[in-house]
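Student: We have chain A already, so just place chain B on it with the hints.
Protein chains in written order, with the numbering used here: chain A, 3 to 115; chain B, 108 to 221.
No lab work stands behind these hints: they were computed from the structure.
Among the hints, erroneous ones may be present.
Simulated restraints on C-beta separations [claimed, not checked]: (1) B:Asp125 / A:Arg65: 43 to 49 Å; (2) A:Leu41 / B:Pro115: 29 to 35 Å; (3) B:Glu122 / A:His12: 31 to 37 Å; (4) B:Asp125 / A:Lys15: 32 to 38 Å; (5) A:Phe62 / B:Thr169: 33 to 39 Å; (6) B:Ile120 / A:Thr113: 30 to 36 Å; (7) A:Gly18 / B:Asp145: 30 to 36 Å; (8) B:Leu162 / A:Glu55: 33 to 39 Å; (9) A:Gly18 / B:Pro115: 37 to 43 Å; (10) A:Asn73 / B:Ser114: 37 to 43 Å; (11) A:Leu97 / B:Glu148: 20 to 26 Å.
Now the stretches of chain A that chain B is said to cover, found in silico as 3 or more residues with beta-carbon under 8 Å [as the list claims (entries may be wrong)]: (12) 45-59; (13) 105-111.
Quick caveat, the model's predicted, so the values are computed rather than measured.
Using N, Cα and C, we set each Cβ at its ideal position, and we do this for glycine too.
Single-letter residue listing:
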Amino acid sequence: DAGVTQSPTHLIKTRGQHVTLRCSPISGHKSVSWYQQVLGQGPQFIFQYYEKEERGRGNFPDRFSARQFPNYSSELNVNALLLGDSALYLCASSLARQTYGYTFGSGTRLTVV
Amino acid sequence: GQQLNQSPQSMFIQEGEDVSMNCTSSSIFNTWLWYKQDPGEGPVLLIALYKAGELTSNGRLTAQFGITRKDSFLNISASIPSDVGIYFCAGQAADNTNAGKSTFGDGTTLTVKP
Numbered sequence: 003d004a005g006v007t008q009s010p011t012h013l014i015k016t017r018g019q020h021v022t023l024r025c026s027p028i029s030g031h032k033s034v035s036w037y038q039q040v041l042g043q044g045p046q047f048i049f050q051y052y053e054k055e056e057r058g059r060g061n062f063p064d065r066f067s068a069r070q071f072p073n074y075s076s077e078l079n080v081n082a083l084l085l086g087d088s089a090l091y092l093c094a095s096s097l098a099r100q101t102y103g104y105t106f107g108s109g110t111r112l113t114v115v
Numbered sequence: 108g109q110q111l112n113q114s115p116q117s118m119f120i121q122e123g124e125d126v127s128m129n130c131t132s133s134s135i136f137n138t139w140l141w142y143k144q145d146p147g148e149g150p151v152l153l154i155a156l157y158k159a160g161e162l163t164s165n166g167r168l169t170a171q172f173g174i175t176r177k178d179s180f181l182n183i184s185a186s187i188p189s190d191v192g193i194y195f196c197a198g199q200a201a202d203n204t205n206a207g208k209s210t211f212g213d214g215t216t217l218t219v220k221p
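Chain A with its partners taken away, still in its complex shape (with noise of 0.2 Å):
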C-alpha cells in the first residue's frame, strides 16, 4: 500500500513567488494535516483539513493557505514567500479528524532564495 506521498520533494523558488505544495494521503484517510518544520525544529502545524473543511489552523500568516479535494488530497499554497518560509513541508494523513498519531509523509523541502 502507497504511505503518504507528497510532491514535489524539492523545490527552490524565489521571494516573491507562489509555491503550491501536494499531498496524496493514504487510501481511505480523510485527514490531512500540515507541518512546517525548519532545520533544527520540530514540526509546527499549520492546518488540518477533515471532509474537505479546514478544521484547524495554526499560527501562520493569512499567505499561507490549503485546501481538501473530493479524493481527499490537499494542496498548500504559501503566497509572497519570503527567505524564512524555507523549510520542509511535512503532510500526515488519518483516518479521522482527532486521532492519536498520524502517518507523515517524506514532505517537500523548499528553499526561497
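Tutor: Quick look at chain B alone, frame taken from chain A:
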C-alpha cells in the same frame, strides 16, 4: 501558546547502552506521542500514550505519560546503531478547536557509537 521542552538536545552513547529522554509542557495534554525521524524522511510514530500514568512498550522502547499530564519520557534499552536519528515528543490538547493539532518538541538527536 503551548510549548514543549525536550531534553537532552543531543546524546552520544555507546552501542548497548540505555537511553532516556523526556519532554515537559506548560500545558496539559490528553495524548503524548513519540516519533523518530531519519534524514530525508518524515517522522514515524513509535508510541502513543492516551492517559495519565500509562506506561507503554514497543520492543526496546518504553514510554510513560506523566501523572500531571504535563510530561512524558521515552527510554530505549540496549541501543543499536539503527537507533540513530532524531526523536520527537508531541502532545495533543483537549480542546476541540484544534483537535487534530500536535505540538512538537525540538527533538533529541541520538548518536550511537558501535
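Student: Please flag the earlier hints that this structure goes against, numbers listed from lowest up.
Tutor: 2 and 4
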